[in-house]
Amino acid sequence: MFALLSQRNFCLLWVAHTLSILGDYVFFIAITFWVYEQTGSASATAAVLIVSTVPGILFAPLAGVLVDRWERRSIMLAVESARAVLFLALLGTIFVQPHTLWPIYVVGFLQSALATFFWSARGALLPQMIEPPSLLVANALYMVSDGAVRVIAPSLSAFILLNFGPPGVVTIDATTFLISVGSICLLTSIPLQDIEVASSSEDIPRPSQIVDVPAKREQRTQMTGNANHHVRGLLMLGSIVAYTAGTLSILFPVFVRTMLSAGPLAFGWILTAQAIGEGAMSLLLGRIPPRRGRFAGIGIVSGGLAVGGFVLMLIVSIHTLFSSLLLNLIFGAMTAAVTLQLLTLLQQRVANRFLGRTLATYTAAQALAQVGGMGIASATFAHIGLLWLMMFDGALYLLGSGLAWIVLTGHDDSGLRKSEKIHQKYPER
Numbered sequence: 001m002f003a004l005l006s007q008r009n010f011c012l013l014w015v016a017h018t019l020s021i022l023g024d025y026v027f028f029i030a031i032t033f034w035v036y037e038q039t040g041s042a043s044a045t046a047a048v049l050i051v052s053t054v055p056g057i058l059f060a061p062l063a064g065v066l067v068d069r070w071e072r073r074s075i076m077l078a079v080e081s082a083r084a085v086l087f088l089a090l091l092g093t094i095f096v097q098p099h100t101l102w103p104i105y106v107v108g109f110l111q112s113a114l115a116t117f118f119w120s121a122r123g124a125l126l127p128q129m130i131e132p133p134s135l136l137v138a139n140a141l142y143m144v145s146d147g148a149v150r151v152i153a154p155s156l157s158a159f160i161l162l163n164f165g166p167p168g169v170v171t172i173d174a175t176t177f178l179i180s181v182g183s184i185c186l187l188t189s190i191p192l193q194d195i196e197v198a199s200s201s202e203d204i205p206r207p208s209q210i211v212d213v214p215a216k217r218e219q220r221t222q223m224t225g226n227a228n229h230h231v232r233g234l235l236m237l238g239s240i241v242a243y244t245a246g247t248l249s250i251l252f253p254v255f256v257r258t259m260l261s262a263g264p265l266a267f268g269w270i271l272t273a274q275a276i277g278e279g280a281m282s283l284l285l286g287r288i289p290p291r292r293g294r295f296a297g298i299g300i301v302s303g304g305l306a307v308g309g310f311v312l313m314l315i316v317s318i319h320t321l322f323s324s325l326l327l328n329l330i331f332g333a334m335t336a337a338v339t340l341q342l343l344t345l346l347q348q349r350v351a352n353r354f355l356g357r358t359l360a361t362y363t364a365a366q367a368l369a370q371v372g373g374m375g376i377a378s379a380t381f382a383h384i385g386l387l388w389l390m391m392f393d394g395a396l397y398l399l400g401s402g403l404a405w406i407v408l409t410g411h412d413d414s415g416l417r418k419s420e421k422i423h424q425k426y427p428e429r
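First residue of the sequence shown? That's 1 in our numbering, and the numbers climb one at a time after it.
By construction, these hints were calculated from the structure, which means they are not laboratory data. Take the hints with a grain of salt, since some may be wrong.
Unchecked claim - Label-pair distances were calculated between CB atoms; the ranges are:
1. Leu101 - Leu162: 17 to 27 Å
2. Pro167 - Ala379: 37 to 47 Å
3. Pro133 - Thr320: 23 to 33 Å
4. Ser378 - Leu265: 38 to 48 Å
5. Cys185 - Ser6: 13 to 23 Å
6. Glu71 - Ile384: 44 to 54 Å
7. Leu49 - Glu71: 26 to 36 Å
8. Ala266 - Ile152: 26 to 36 Å
9. Ser6 - Ile406: 16 to 26 Å
10. Gly402 - Thr258: 25 to 35 Å
Where is the CB? At the ideal position from N, CA and C, for every residue including glycine.
Input sequences plus hints: build the corresponding full structure.
Structural data, given as structure tokens:
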């Protein structure tokens, strides 16, 4: 698994990813707490979450188009440089007006908008440097670093905020983005795999393949339609996971307080247990030899959703702290397995020249579903109650488990990339 880090380009991209997400987490956690400390207002604190989420929905279409048209390395370099400058400007503003809140909201919005371009470019760049069978391992390495950041970031944010205040938080964030810029600068140029030139006689189509243009067009149209159906299925399953995450972000604090009769410390333990489960599952998937079977990926998605849904129902049924920690660890592991496999299937099944737009749409759909989950949980909690809302989340996971076999099978997209290559080499006249 970790042998992938010996590949220079992937290692540099992994470092840039890890530092970038560390900066995101440290800023969000510290600033959210600081805003509440300054205002004592839940609305002002919620506004931080809103301005950090909305840009992912608004700017995803533009990000996808640019990522597919421009060099992805250049986009990442420009975005990380802009975020470093943005936080340095915020640092100056804090020194001049230390208690003014509007710069926090402006920077939160802008940095989240820029992050939309970064993550779309990073996700689309990965298949250009990693062979398809190794994509799951590469994504697992990313999630391992994400899990480590989720464990470290809360304590790191609190330490920096308590000892150095908001200027210290902003300085750390700017530093992470500057180092990320350095890593991206060292990346070598990576050509698109979908437009590689034929290098052997095996790649050259037979005369019948060139002459029979209508048949080739019909075949490519059919494969593209299959791929679109597949992508819609992945978007739907990803939205189920994101919707559940949104509702649980509202319901879990209430669950800890009312069902477990515990406080913020226990809530922190539960979040840590989920992060550990995600990291453990990422390590496990990264060490399992890649399977080329048609249904291997679908089995991981379906199994993860089934076990996750069942565990979520157990969490709300057994009201002890130990069982909640254990079950949340399993739930985090199952969610990680589903998330990793959905992303990998997207990267494997979508032609690279469309991958930026597809990943941006996937991200926007997840953000919209997550915000919708938060809104529905907040609006219906008083009428439906905690128990039934969490039971519904579990049932939704179980429903997704069955839907995975319906929306992700019944067609074969494996020829789409080959069709894209032939189309690029020998365009229709």
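Quick rundown of the hints versus the structure:
Leucine 101 and leucine 162 have their C-beta atoms about 20 Å apart, which keeps the hinted 17 to 27 Å range intact. The hint said 37 to 47 Å for the Cβ distance between proline 167 and alanine 379, and at roughly 38 Å that hint holds. Look at proline 133 against threonine 320: about 42 Å separates their beta carbons, and that is not inside 23 to 33 Å. For serine 378 and leucine 265, the Cβ-Cβ distance of about 24 Å falls outside the hinted range of 38 to 48 Å, so the restraint is violated.
Checking the proposed 13 to 23 Å range against cysteine 185 and serine 6 shows it holds: the Cβ atoms sit about 20 Å from each other. The beta-carbon spacing between glutamate 71 and isoleucine 384, approximately 49 Å, falls within the hinted interval of 44 to 54 Å. The supplied range of 26 to 36 Å is met by leucine 49 and glutamate 71, whose beta-carbon atoms lie about 33 Å from each other. For alanine 266 and isoleucine 152, the hinted distance range of 26 to 36 Å is not satisfied, since their beta carbons lie about 20 Å from each other.
Judged by the Cβ atoms, the range 16 to 26 Å given for serine 6 and isoleucine 406 is violated: they are separated by roughly 40 Å. One distance hint, 25 to 35 Å for the beta-carbon pair glycine 402 and threonine 258, holds here, with the actual separation near 32 Å.
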